[in-house]
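Chemist: Going line by line, the protein sequences match chains A and B.
With this note's numbering, letter number 152 in the first sequence gets 152, and the count goes up by one each step, no holes.
Just remember that this note's numbering sits 323 ahead of the position in the second sequence, which is counted from 1.
Don't take each hint at face value.
[What the hints assert, rightly or not] Reference excerpt, derived from the structure (chain B facing chain A, CB under 8 angstroms, subset only): (1) A357; (2) I455; (3) I575; (4) S632.
[Claimed, not checked] Far from chain A, some chain B residues (derived; all Cβ distances over 10 angstroms): (5) A342; (6) A425; (7) R589; (8) R644.
Since the hints were derived computationally from the structure, they do not count as laboratory data.
Quick reminder that beta carbons are idealized off the backbone N, C-alpha and C, glycines included.
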Amino acid sequence: MANPAIPMPAFLRRADPAVLIAFACILVLLLIGSIYSPGFLTAKYLLQQLKVASFLGIIATGTMIIILLGHIDLSVPWAMTMGAMMGCAAAALGPVGSALAVPFGILCGMAIGLVNGLGVAYLRIPSMIVTLASNAVTQGLMVVYTGGYAPQDAATPAMRFLATGETIPGLPNAALIWAVIGTLAILGLRRSVFGRAVFGIGNSERAAYMSGVGTRRIVMLAFVVSGGLSAFAGTLLAGYASKASQSMGDTYLLPAIAAVVLGGTSILGGRGSYVGTIAGVILVTLLQSILSVMQLPEAGRQIIHGLVIIVMLLLYGRTPAAR
Amino acid sequence: MREWRYLLAEQRGTLVAMAIFALMFTIYVANHPAGLTSNVVQTAANKGVLLAFVAMAQTLVVITAGIDLSVGMIMVLTNCLASALVVGTPLQAGLGVIAVLAAGTLCGALNGTIVIYGRLQPIVTTIATGAIYFGLALLIRPFPGGSVHEVLADAMTGKIGGVFPASIAALAAVVALVWVPFSRSLAGRAAFASGSAEQAAYMSGLPIRRGRFLAYALAGLCAGAGGLFLTFFTYTGEAAQVSGSAYTLFSIAAVVLGGVSLYGGRGSAIGAVFGALAFRTIGDMLFVFDFDALWQPLFQGLILMVAVSLGAFGLLRVRNRLDWFR
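With the rest of the complex left out, here is chain A (with noise of 0.2 angstroms):
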């Protein structure tokens, strides 16, 4: 790698190559775009595509944490769900409910995160485990609620306002959310406390442990996190379909798993930065709208999606050999 013959630019050098091919496929992806279809590179299309990364961005925010620390987090459909049934459900109940809608959807997100994370952390029950199961629980709670139909609860104008409006002309305001949110993970998991705890717990638990890390502390508030995350992009993504439905986070699980491992991080926790996560969900969505616009039926999303995943694991996402 380190050849002097061959000038690079530091930040190349330095550079993860998971995310330089990550954004390399982006490239070719515009390419094919373009050929297939002439309005696809036109600047109105590609920032409706910025607008569908923007959910999938805050989600795979979340997911990326619970990845860095070597977990997983499989509660993403129905926190997100619960998020948005939530948040229209506080908007049903007058102006306070639907001046509250937003935060209490999200408080809702988190409420499940601390349930992971408290099953996790302190019950050390394996990650996969407790977040299917709270997924199953927070699924069964909704249809309970919602009586097994779709509830007709509308979104608020507020929750429109975030997921469809523009603040700055041009720019829808769910990228910049987005751009707020990635800002606060690139800092937070580079700079902060919580984050050098959050690479060190992937590296070795054991190790951040015996370094004084509060590692159980640590673990339950990254599920937290990532289910208030979740829920967030619940609301915004009622605010965008104006309403909650029952399915509506079934389609965002593996996206986000595929986006994060898409930029790099290593599925084996500790390994991984930010930038690799915007281009792995800006790679996913292109591929997405590809897939739309080529008419592929879903049958084929779901096989390519599954395609991609592994073939990128078997890239970069190996354990080592067995001694």
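For chain A, the structure is supplied; the task is to place chain B on it using the hints.
Modeler: Showing chain B alone in chain A's frame:
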């Protein structure tokens, strides 16, 4: 005398699962309006057997300290395949059954290949392959439909001699032909050993790769048998994502109830089968007590949550805090 104690300790999980099932089924039947008739038993058996097949599949992978989140999707895929292949003359239907079971085994073998030879994490690998299998199922059946050889289907879901449910007999046959030989074979012991202490198993020269691969492949076979039976019960094939994820989820619940350790190396598919039957009975308990069916998903989720949380009692035995972090 000593021997007995060890045997008992080894089978404790299975025995507890049997006890839970016996207790739950007694309560269920006692409160069922029809009481203990062969029809009630048959219906309960048919519902339970589907989950039991998937739970067996999950057990095979879990004992190697892995997890298979694609079992439900393999079941859905084989369901769709069976609705297209198990038709026509008895010979064609017979070949169709073999093809469906082979497809299930192939799916499992693919998981095993990627996890063992590709050295990837089982969780993410099987999430991804699960998506692929579901996509294939959607390609076969974009809309619910298809049919199945009805004589065969009725024979497999009916009663033997008017009393004993045939599906239970089929389940027992699969246990006897797949689980018993596997768990007693060298490869099977290697699968157990790699689940409890991979390093030690490797050092002892056990064929851990072969053992783990066989475990994944046989898991596919069991999930395929589940898909086949799903077709026998419903007469159609449907690529339903919801039911695939539900079966995956319930298989984990059944495995936990069946006393199989999620950390690998401990447990028996027979325990998981009883875990599955118990889980189904608990889920159906709501109906005999006249609860609204809406509460069922919540109730099943809570059972799973409680079951996995019970594993935390092991923490009380931990003497050194560093043992928290494996």
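Chemist: Checking against the hints above, which ones are violated?
Modeler: When the structure is compared with the hints, numbers 1 and 8 turn out to be violated.
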